[in-house]
Amino acid sequence: MAYRGNARPVQSIRRRRARRRREILSKLVIALFMVTCLAMIYFITGEIYRMTHRNKEEKPIPVTAEQTFSDSSSDTGIAPPEIVQDLLEVNEYSRPGDKLSRINNIFVHYTANPGTSAAQNRSYFANLAETHERSASAHLIIGYDGELIQCIPFDEQAYAVMTRNEDSISIECCYLSDDGSFTQETYDTLIHTLAWLLDKYDLTVEDILRHYDCGGKLCPLYYAENEGAWDKLRQDVEAYLAQAKQESA
Numbered sequence: 026m027a028y029r030g031n032a033r034p035v036q037s038i039r040r041r042r043a044r045r046r047r048e049i050l051s052k053l054v055i056a057l058f059m060v061t062c063l064a065m066i067y068f069i070t071g072e073i074y075r076m077t078h079r080n081k082e083e084k085p086i087p088v089t090a091e092q093t094f095s096d097s098s099s100d101t102g103i104a105p106p107e108i109v110q111d112l113l114e115v116n117e118y119s120r121p122g123d124k125l126s127r128i129n130n131i132f133v134h135y136t137a138n139p140g141t142s143a144a145q146n147r148s149y150f151a152n153l154a155e156t157h158e159r160s161a162s163a164h165l166i167i168g169y170d171g172e173l174i175q176c177i178p179f180d181e182q183a184y185a186v187m188t189r190n191e192d193s194i195s196i197e198c199c200y201l202s203d204d205g206s207f208t209q210e211t212y213d214t215l216i217h218t219l220a221w222l223l224d225k226y227d228l229t230v231e232d233i234l235r236h237y238d239c240g241g242k243l244c245p246l247y248y249a250e251n252e253g254a255w256d257k258l259r260q261d262v263e264a265y266l267a268q269a270k271q272e273s274a
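For the sequence shown, the positions run 26 to 274 when our numbering is used.
Incorrect hints may have been included.
Said to hold, decoys possible - If you anchor each label on the Cβ, the simulated ranges turn out as follows:
(1) P178 <-> D204: 28 to 36 angstroms
(2) L57 <-> M187: 52 to 60 angstroms
(3) H157 <-> I49: 50 to 58 angstroms
(4) L63 <-> E114: 41 to 49 angstroms
(5) S142 <-> V115: 18 to 26 angstroms
I should point out that these hints are in silico values taken from the structure, not numbers from a laboratory.
Computed from a predicted structure; not experimentally measured.
Cβ coordinates follow ideal geometry from the N, Cα and C atoms, glycine included.
Could you build all of it, start to finish, from the sequences and the hints given here?
Given below as structure tokens:
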């Protein structure tokens, strides 16, 4: 009996299958190309955004020219330490410009960021004017090498102790150790600075406080966790005062 169907040559079937394979492969190549293009666009857009955002965050804040302050002819009994005055520009996040009408206490803080320098912490305060991350500052920052930078004038408020900014001066201290203890250089500058400020504003060692003493924040960490070390620090300030006044008598 004769076959009545439409027989196709084998070569024709092979060509059709090959054509289908080429079509599928072409579609896959096009799809892969489109995915690659989208990925590149996404990557490039992300890089542009990050560069723009980084430039905005790292934009330098105008500051006053650095000046070294050392008043050897101070009218107090203790000569001031050498202070690099690098005042922040007035802004609502780190230097509000509000007047400090009285000084009842000197607060000691730590930066809570081990290994950062006084200059780096000063830059952090300055950049808050751009980042709006939080409100924070201090009048003075002592570096772990003992350098001393003034960020806020003593007759203006700093953003340091929320409920006491209007009647206190704050000192931030840099550190290297995980336990928050200060280097000897930082400690020596802190003792000198505290003694000078107490003498300058007619205060006593009892007027030296930790941030911890107002609100319970563990700042400065080492001296909040070690009462004996804090008592020793205030004793060292008292001894410095007594010696300096004896030598100037």
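- Evaluate the given range 28 to 36 angstroms for the C-beta pair formed by P178 and D204. 33 angstroms, holds
- Cβ-Cβ distance between S142 and V115: within 18 to 26 angstroms? Holds - the Cβ-Cβ distance for S142 and V115, about 24 angstroms, lies within 18 to 26 angstroms.
- Message: Just to be sure I understand the hint, the distance between the Cβ atoms of L63 and E114 should be within 41 to 49 angstroms; is that true here?
- Response: 44 angstroms, holds
- Item | M187 and L57 - C-beta distance against the hinted 52 to 60 angstroms | 58 angstroms, holds
- May I ask you to test the hint 50 to 58 angstroms on the CB atoms belonging to H157 and I49? 54 angstroms, holds
Checked against the numbered hints above, the structure breaks none of them.
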